[in-house]
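A.B. asks: Kindly produce the complete structure, drawing on both the sequences and the hints.
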Amino acid sequence: MKIKNPFLKDKIIKKVIKEDKFDKINREMHAIGKLDIFGIEITSVSELFSFIAIVWGILSIILLLALLNKSNLKALIILLIGTNILLYAKIKDPIDKYKESFLKDNELPAVLETLIQGLQIGMPVYSILLYISNNKKGNTADLINLCVTKVNSGMDINKALREVAEKSLNDYFLRMALIIEKTDRSVMNLDKQLEYLQQDMEEERINIKTEHADKLDNALFFPMLIGYFIPLIIMILVPLLRQMTKLQGM
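Once you know that position 117 of the sequence shown is 117 in UniProt numbering, the rest is easy, because the numbers rise by one and skip nothing.
Calculated from the structure, these hints are not laboratory results.
From a predicted model like this one, the values you see are computed outputs, not experimental measurements.
Beta carbons: idealized from backbone N, C-alpha and C, even for Gly.
A portion of the hints provided could be inaccurate.
To be verified - Here are the simulated lysine-lysine pairs, PhoX-like style, with alpha carbons at most 20 Å apart:
id, residue 1, residue 2
1, K4, K21
2, K2, K34
3, K11, K24
4, K167, K136
5, K24, K136
6, K182, K192
7, K21, K167
Said to hold, decoys possible - Ranges between beta-carbon positions, derived for each pair:
id, residue 1, residue 2, range
8, K70, K11, 39 to 49 Å
9, I17, E113, 33 to 43 Å
10, F7, I206, 40 to 50 Å
11, Q117, I17, 22 to 32 Å
12, N134, L64, 31 to 41 Å
13, M1, P124, 41 to 51 Å
14, L64, R205, 41 to 51 Å
15, K24, G122, 33 to 43 Å
C.D. replies: Below is the structure:
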């Protein structure tokens with residue numbers, strides 16, 4: 001299911017969250033392509049904020065009805081908080097997973113290693129990128145392939161690489177692109193600079209693994225939350241529906 005003709009337009013959203021925040025969310029949306037939130041396909045910032053507004057509107061109605069019928073206030077608060085936690089996670093998790101995939105799946109380090117080896121034997125940067133696009137798989141290789149396509153269509157290689165690096169939402173990818181830009185001036189020590197970047201990436205990968213080991217896996221957390229959350233919704237909505245039925249019968 002998809003939201004057609006979102007009622008919140010970009011101009012309104014920019015006034016509410018400021019333009020720089022809007023641009024950041026817009027870049028993230030373009031990078032991952034789409035979000036799937038409770039079965040609703042979201043492909044733009046306007047669709048995202050329109051959907052959030054609809055959810056909050058429904059929650060406001062439930063809150064009003066619950067207060068009028070003197071429902072369990074504690075359960076109601078948990079319902080509101082739980083809904084927003086799930087909504088936030090549904091938005092943030094795909095973006096975080098996309099950002100982390102470049103290091104987590106060893107994609108970017110493998111591509112960087114190929115670049116270093118190619119430069120050390122004197123291969124042109126374009127030839128190395130072409131090799132990567134033809135022989136590697138994953139998000140990094142897909143972006144490199146996009147870069148090669150842009151270059152083949154006439155775009156400057158540095159501009160093409162910078163554009164796909166920004167699309168990656170990954171600081172290391174962007175640093176790699178900035179380092180490679182120096183090939184226009186000198187290829188001396190370029191491989192060494194990429195090796196330093198490789199070391200920084202490896203340290204980051206170790207830190208990510210350590211952080212993940214200290215956190216409860218989302219795969220366990222969300223089923224636990226939903227298992228508590230759904231019965232809670234039923235506890236609140238059933239009395240409300242009964243009360244509304246009685247009012248209609250009067």
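A.B. asks: Hint by hint, note whether the structure agrees.
C.D. replies: Okay, the hints, checked on the actual structure:
| no. | hint | result |
| --- | --- | --- |
| 1 | K4 to K21 | 24 Å, violated |
| 2 | K2 to K34 | 11 Å, holds |
| 3 | K11 to K24 | 15 Å, holds |
| 4 | K167 to K136 | 18 Å, holds |
| 5 | K24 to K136 | 29 Å, violated |
| 6 | K182 to K192 | 13 Å, holds |
| 7 | K21 to K167 | 16 Å, holds |
| 8 | K70 to K11: 39 to 49 Å | 41 Å, holds |
| 9 | I17 to E113: 33 to 43 Å | 40 Å, holds |
| 10 | F7 to I206: 40 to 50 Å | 46 Å, holds |
| 11 | Q117 to I17: 22 to 32 Å | 44 Å, violated |
| 12 | N134 to L64: 31 to 41 Å | 59 Å, violated |
| 13 | M1 to P124: 41 to 51 Å | 48 Å, holds |
| 14 | L64 to R205: 41 to 51 Å | 49 Å, holds |
| 15 | K24 to G122: 33 to 43 Å | 40 Å, holds |
Comparing the model with each numbered hint stated earlier shows that hints 1, 5, 11 and 12 do not hold.
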